[in-house]
Amino acid sequence: MIPRLELRNICKRYPGVVANDDVSLSILPGEIHAVLGENGAGKSTLMKIIYGAVQADSGEILCDGNPIHSHNPAVSRALGIEMVYQHFALFESVSVVENIALSVTTPFNLAALSRKVLELSQRYGMPIDPARLVHNLSVGERQRVEILRCLLQNPKLLILDEPTSVLTPQAVLRLFDTLRQLAAEGCSILYISHKLDEVQTLCDTATVFRNGRVTGTARPKQTTATELARMMVGSKLPEMHVSPPVPAEKPMLEIRGLSAAATDIYGVDLADISFDVFGGEIVGIAGVSGNGQAELVSLLSGERLHPQSNAIRIGGIASGHLDADGRRRAGIAFVPEERLGRGAVPAHSLIENGLLTGHRLGSVRHGMVDRKRAADFSRDIVEKFKVKTNGVRAKAQSLSGGNLQKFIVGREIALQPKLLLVSQPTWGVDVGAAAFIRQTLVDLSRAGAAVLIVSEELDELFEICDRLLVICNGRLSKSLIRTQTDREEVGLLMTGLDGSVVANGGDSLALHD
Amino acid sequence: MRFTIEQRPEPSAVMRVVAPVAAIALTLVVGAGLFAALGHNPVAMLDAFFIAPLNSLNGLSELLLKASPLILIACGLAVGFRANVWNIGAEGQLIMGAIAATGVGLFYPNPDSVLLLPLMFLAGMAAGMAWAAIPAFLRARMNTSEILVTLMLTYVATLFLSWLVHGPWRDPAGFNYPQTAMLPPYALFAPFDDAYRVNHSVFITAVAVVVMWIFTDRSFLGYKMAVAGAAPLAARYAGFRESAAIWIGLLAGGAAAGVAGMAEAAGPLGQLSPNVSPGYGFAAIIVAFVGRLNAFGIVLAGLLMSLLFLGGETVQVSLGLPSALTRVFQGVLLFFLLAADFFIFYRIRRVGGQN
Numbered sequence: 001m002i003p004r005l006e007l008r009n010i011c012k013r014y015p016g017v018v019a020n021d022d023v024s025l026s027i028l029p030g031e032i033h034a035v036l037g038e039n040g041a042g043k044s045t046l047m048k049i050i051y052g053a054v055q056a057d058s059g060e061i062l063c064d065g066n067p068i069h070s071h072n073p074a075v076s077r078a079l080g081i082e083m084v085y086q087h088f089a090l091f092e093s094v095s096v097v098e099n100i101a102l103s104v105t106t107p108f109n110l111a112a113l114s115r116k117v118l119e120l121s122q123r124y125g126m127p128i129d130p131a132r133l134v135h136n137l138s139v140g141e142r143q144r145v146e147i148l149r150c151l152l153q154n155p156k157l158l159i160l161d162e163p164t165s166v167l168t169p170q171a172v173l174r175l176f177d178t179l180r181q182l183a184a185e186g187c188s189i190l191y192i193s194h195k196l197d198e199v200q201t202l203c204d205t206a207t208v209f210r211n212g213r214v215t216g217t218a219r220p221k222q223t224t225a226t227e228l229a230r231m232m233v234g235s236k237l238p239e240m241h242v243s244p245p246v247p248a249e250k251p252m253l254e255i256r257g258l259s260a261a262a263t264d265i266y267g268v269d270l271a272d273i274s275f276d277v278f279g280g281e282i283v284g285i286a287g288v289s290g291n292g293q294a295e296l297v298s299l300l301s302g303e304r305l306h307p308q309s310n311a312i313r314i315g316g317i318a319s320g321h322l323d324a325d326g327r328r329r330a331g332i333a334f335v336p337e338e339r340l341g342r343g344a345v346p347a348h349s350l351i352e353n354g355l356l357t358g359h360r361l362g363s364v365r366h367g368m369v370d371r372k373r374a375a376d377f378s379r380d381i382v383e384k385f386k387v388k389t390n391g392v393r394a395k396a397q398s399l400s401g402g403n404l405q406k407f408i409v410g411r412e413i414a415l416q417p418k419l420l421l422v423s424q425p426t427w428g429v430d431v432g433a434a435a436f437i438r439q440t441l442v443d444l445s446r447a448g449a450a451v452l453i454v455s456e457e458l459d460e461l462f463e464i465c466d467r468l469l470v471i472c473n474g475r476l477s478k479s480l481i482r483t484q485t486d487r488e489e490v491g492l493l494m495t496g497l498d499g500s501v502v503a504n505g506g507d508s509l510a511l512h513d
Numbered sequence: 001m002r003f004t005i006e007q008r009p010e011p012s013a014v015m016r017v018v019a020p021v022a023a024i025a026l027t028l029v030v031g032a033g034l035f036a037a038l039g040h041n042p043v044a045m046l047d048a049f050f051i052a053p054l055n056s057l058n059g060l061s062e063l064l065l066k067a068s069p070l071i072l073i074a075c076g077l078a079v080g081f082r083a084n085v086w087n088i089g090a091e092g093q094l095i096m097g098a099i100a101a102t103g104v105g106l107f108y109p110n111p112d113s114v115l116l117l118p119l120m121f122l123a124g125m126a127a128g129m130a131w132a133a134i135p136a137f138l139r140a141r142m143n144t145s146e147i148l149v150t151l152m153l154t155y156v157a158t159l160f161l162s163w164l165v166h167g168p169w170r171d172p173a174g175f176n177y178p179q180t181a182m183l184p185p186y187a188l189f190a191p192f193d194d195a196y197r198v199n200h201s202v203f204i205t206a207v208a209v210v211v212m213w214i215f216t217d218r219s220f221l222g223y224k225m226a227v228a229g230a231a232p233l234a235a236r237y238a239g240f241r242e243s244a245a246i247w248i249g250l251l252a253g254g255a256a257a258g259v260a261g262m263a264e265a266a267g268p269l270g271q272l273s274p275n276v277s278p279g280y281g282f283a284a285i286i287v288a289f290v291g292r293l294n295a296f297g298i299v300l301a302g303l304l305m306s307l308l309f310l311g312g313e314t315v316q317v318s319l320g321l322p323s324a325l326t327r328v329f330q331g332v333l334l335f336f337l338l339a340a341d342f343f344i345f346y347r348i349r350r351v352g353g354q355n
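Just so you know, the sequences run in chain order U and E. Counting from 1, one number per residue, gives the positions in the first sequence under the numbering used here. Counting from 1, one number per residue, gives the positions in the second sequence under the numbering used here.
It is worth saying that the hints were derived from the structure and are not from the lab. Worth double-checking, as some hints may not be accurate.
Restricting the straight-line Cα-Cα distance to at most 16 Å, the calculated cross-link-like pairs of lysine to aspartate or glutamate (EDC-like) are [to be verified]:
1. K418/U - D276/U
2. K372/U - D217/E
3. K221/U - E239/U
4. K395/U - E10/E
5. K388/U - D370/U
6. K221/U - D197/U
Stretches of chain U that chain E covers, calculated by requiring three or more beta carbons in the stretch to come under 8 Å of a beta carbon on chain E [to be verified]:
7. 301-307
8. 320-331
9. 343-356
10. 362-369
In this text, a Cβ means the ideal position worked out from N, Cα and C, and glycines have one as well.
Given the sequences, and given the hints that come with them, work out the whole structure.
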């Protein structure tokens, strides 16, 4: 059989990195083919090369046996190659069908297009109302719009880039059904992921990547997860050591009846949130992104103040009115979700970035920066946390995501916090560094600190948290003991379908998937 | 074959040195071509522009005299620019400084007091800061754009000056010219030599340069301002107050401009007239950026800008060229300086042919 798509010896260099080094792979018609690799292994670059959004430095691309010359997205679409990006490109203020119409190049009638979208959505089990405005849609529904937009072109090859990173477990299963149906009809699917279990459930073939090179191909359904992980990481994964928690008697963080209006129109209002975090334990907040996590985190970190000082108590002291500096003095340290631009200044050196919150540890005297102490402070972090860098004078933006995250986590832990607040601790971090960061958080909590993690990765939360809370539509679930709950229960709470969450904005804000 | 522009992984140390040299060389080539095309001897032109102004003690005196306010103001503005606080109204703050200082100089009860000059200095600085405090207050409290407010207040200051010198402060013995009476001797900076105009106020600029360097490169406050400018969310994350950066940024520029205005009134002018400044407040913005917002760079950029002012005057006078041509030439130089800077951070690379 002639492959639907064949790549021969693709190379792509960026300044300082080789994103793809001599990559070859081929996909048969109707095949679901995984491209498996850690974040930063070069998967996304390769997909952009296939789609024509980025040009390879060398190598050849063949579609149905014919080489593609002067590649670009328009050529791709003419050949029936469609791509669903990890970050959606939808206009929020117009309807589903109007968004889809934007990518239709032939003359059309909006009502007829609407009918066609509806028909497609029913045929592939992705129910959606073409007339709804995009800003009312849940993330899962937005993804359906993106996929429908591709399906309308009758694709022969559909590329999906980390499609499940924003979905609930239930929505993932529905997506897989749709993809299987498409494949059965002859459409090839290229599925990019770093999640082993998904690849094992869904894919026929997997090409595994490490550092821009292909390290092997496998039939994931007949290969063990350990074997796949070894191909991906190059070595065995370190094992986590999670001892039972020993919670302190008094809570380090007490949240009581915290409510707050969203600061922008697509934000989420927080409604009557209450919970405690004790020293000696790790508490995780699960939820689909955009359900109030950003609002909650900025209120806890002090980046946003709360008029009711009593709603947030740190170590028993009312702290709602304290800004980020005041909260740190009260014993909080914070690792934000955005590393570049929030947790670190991209264009500043690691020395300067160490100073960002580490200045309170003696590197500023009489208003002047003691440059030697500042450099020593950052050097300590780099050594202790095994940050890979060209030295402490390197700029934050020159570090990989995982290494910068290790630096930021190290800096915040150096503050010896009584409460560490971490948002998405291992987002975009490679498997090795992620395991290291998780172990560090466990060790910190077992040494007596309270640790609060906000994450969208259920696996991560189940791995290290002692208790779980689920946030949905600005409301928080009851506290769940990790050993007494499961993904099913958490997944239902994430969608608000367990009956405990009452939609507070009528239909428009509900997150039915 | 195609070319792409890509960011260098690290700024190039070689280009950092080569860039300004290349820019000046390119300017000379293009400038010579331009003058030749207009039928002038390019060598004579370049000589008149760059060499003649520096060829005499008087030329050097004028160079310093003009560079001093440019450098002083640019140092103050750069403190704000580093924190993304865009004070473009230094011209207005300079005028207010000159007005306040002249007011003290003219109306202080004891004109023979040695305190007169220090008092004028303080008055000039305070007036510049007060004029900058208006946009600072509006931005910190109501998030008003400081770009618009500082610029508009420049026009207010210009018209206020015009009203003063045409009205209440006009010299009764001045043949109806719109200017104040001359300041008394104790209200003036002493020149180094009576033959030349450059005076002791250059020491103020020298001190300002050192203070600015310490503030931006060594102090914690300067560090906080740099964070606020480079990554506002990181500043909020760290708990650095945004309003502090706004106030310091604007007041530093206002103080520097106010003192520069005082030094003009108490220096080469000796009185107020409607044209206190030949646009120092605006030119200093360019000086600050060409000097890459750093103290040493600003000194070099200030001297260069001053030379361009002088060279322009020289070719107008000695060769009778229109002033527009000299401005074209100044523009060419600035263009190449900024364009060459680009290659410190970026490079052009050839991309392999697509099949």
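Quiz item: Are the Cα positions of K388/U and D370/U separated by 16 Å at most?
Solution: 25 Å, violated
Quiz item: Given the proposed pairing of K418/U with D276/U, does the C-alpha separation stay at or below 16 Å?
Solution: Status holds; Cα separation ~14 Å.
Quiz item: Does the alpha-carbon distance linking K221/U and D197/U stay inside the 16 Å limit?
Solution: 10 Å, holds
Exercise. Compare the distance between the alpha carbons of K372/U and D217/E with 16 Å, and conclude whether the hinted pair is satisfied.
Key: OK: K372/U and D217/E at ~14 Å, within 16 Å.
Quiz item: If you draw a straight line from the CA of K395/U to the CA of E10/E, is it 16 Å or shorter?
Solution: This hinted pair holds, its Cα atoms lying about 9 Å apart.
Self-check item: Coverage of the stretch 362-369 of chain U by chain E, judged on three or more residues with CB within 8 Å
Solution: Held - the stretch 362-369 of chain U has 4 residues with a Cβ nearer than 8 Å to chain E, which meets the minimum of three.
Exercise. Between the stretch 301-307 of chain U and chain E, see if three or more residues pass the 8 Å beta-carbon test, and mark the coverage as holds or violated.
Key: holds (count 3)
Self-check item: Check of the stretch 320-331 of chain U against chain E for coverage (Cβ-Cβ below 8 Å, three residues minimum)
Solution: Contact hint for the stretch 320-331 of chain U vs chain E: holds, 6 residues under 8 Å.
Practice problem: State whether the coverage of the stretch 343-356 of chain U by chain E holds or is violated, taking the criterion as 3 or more residues with Cβ-Cβ distances under 8 Å. | Solution: Answer holds; 9 residues pass the 8 Å Cβ test.
Quiz item: Does the structure keep K221/U and E239/U at a Cα separation of 16 Å or less?
Solution: Violated - the C-alpha atoms of E239/U and K221/U are around 24 Å apart, more than 16 Å.
Checked against the numbered hints given earlier, this structure breaks hints 3, 5; the rest are met.
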